[in-house]
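Please build the complete structure, drawing on both the sequences and the hints.
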Amino acid sequence: MTGPIRVLLAEDQGMMRGALALLLDLEDDIEVVAQVAAGDRIVEAALAARPDIALLDIELPGRSGLDAAADLRRQLPSCQVLILT
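Going by the numbering used here, the sequence shown opens with residue 9, and the numbers climb by one from there.
Quick caveat, the hints were computed from the structure, so don't treat them as lab data.
Here the structure is a predicted model, which means the values were calculated and not measured.
Hints should not be assumed to be uniformly reliable.
Using C-beta positions, here's what the derived DEER-type ranges look like [claimed, not checked]:
#, residue 1, residue 2, range
1, L92, E52, 16 to 26 angstroms
2, L90, G26, 29 to 39 angstroms
3, R71, M24, 17 to 27 angstroms
4, T10, P69, 27 to 37 angstroms
5, R58, D36, 33 to 43 angstroms
6, A46, T10, 25 to 35 angstroms
7, D20, Q83, 29 to 39 angstroms
8, E67, G11, 24 to 34 angstroms
9, R71, T10, 13 to 23 angstroms
10, I91, D33, 20 to 30 angstroms
11, R82, L34, 31 to 41 angstroms
12, I13, L55, 14 to 24 angstroms
13, A56, A78, 11 to 21 angstroms
14, A56, I91, 14 to 24 angstroms
Glycine included, each C-beta is placed from N, C-alpha and C at the ideal position.
Below you can see the structure in the form of structure tokens.
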């Protein structure tokens, strides 16, 4: 893989999402390219940002991270999914 690892964060708790983004951005080889607070925004954000990895919370408003992960697998198969709970 060339360039930084592109990450999408999906976490409804703003403090947790912000802290994760801040910590990941400290790494030279990681770039947070999208952040969402609701599960029903994950696929749309991923299709726009084209992340390499989606870091998803399971329990999100609008849609679960598990359901969104299944849609990501179909619509953006190059994106790997990590579940955070």
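Outcome of the hint check:
1. L92 with E52: 16 to 26 angstroms: 20 angstroms, holds
2. L90 with G26: 29 to 39 angstroms: 18 angstroms, violated
3. R71 with M24: 17 to 27 angstroms: 18 angstroms, holds
4. T10 with P69: 27 to 37 angstroms: 36 angstroms, holds
5. R58 with D36: 33 to 43 angstroms: 20 angstroms, violated
6. A46 with T10: 25 to 35 angstroms: With a Cβ separation near 32 angstroms, A46 and T10 satisfy 25 to 35 angstroms, so the hint holds.
7. D20 with Q83: 29 to 39 angstroms: 22 angstroms, violated
8. E67 with G11: 24 to 34 angstroms: Between E67 and G11, where Cβ atoms are some 32 angstroms apart, the hint holds.
9. R71 with T10: 13 to 23 angstroms: For T10 against R71, whose Cβ atoms are near 32 angstroms apart, the range 13 to 23 angstroms is violated.
10. I91 with D33: 20 to 30 angstroms: Given range 20 to 30 angstroms: holds, Cβ gap about 21 angstroms.
11. R82 with L34: 31 to 41 angstroms: Check passed, 33 angstroms falls within 31 to 41 angstroms.
12. I13 with L55: 14 to 24 angstroms: With Cβ atoms ~18 angstroms apart, the hint holds.
13. A56 with A78: 11 to 21 angstroms: With Cβ atoms ~19 angstroms apart, the hint holds.
14. A56 with I91: 14 to 24 angstroms: 22 angstroms, holds
The structure fails hints 2, 5, 7, 9 (numbered hints given earlier, in ascending order).
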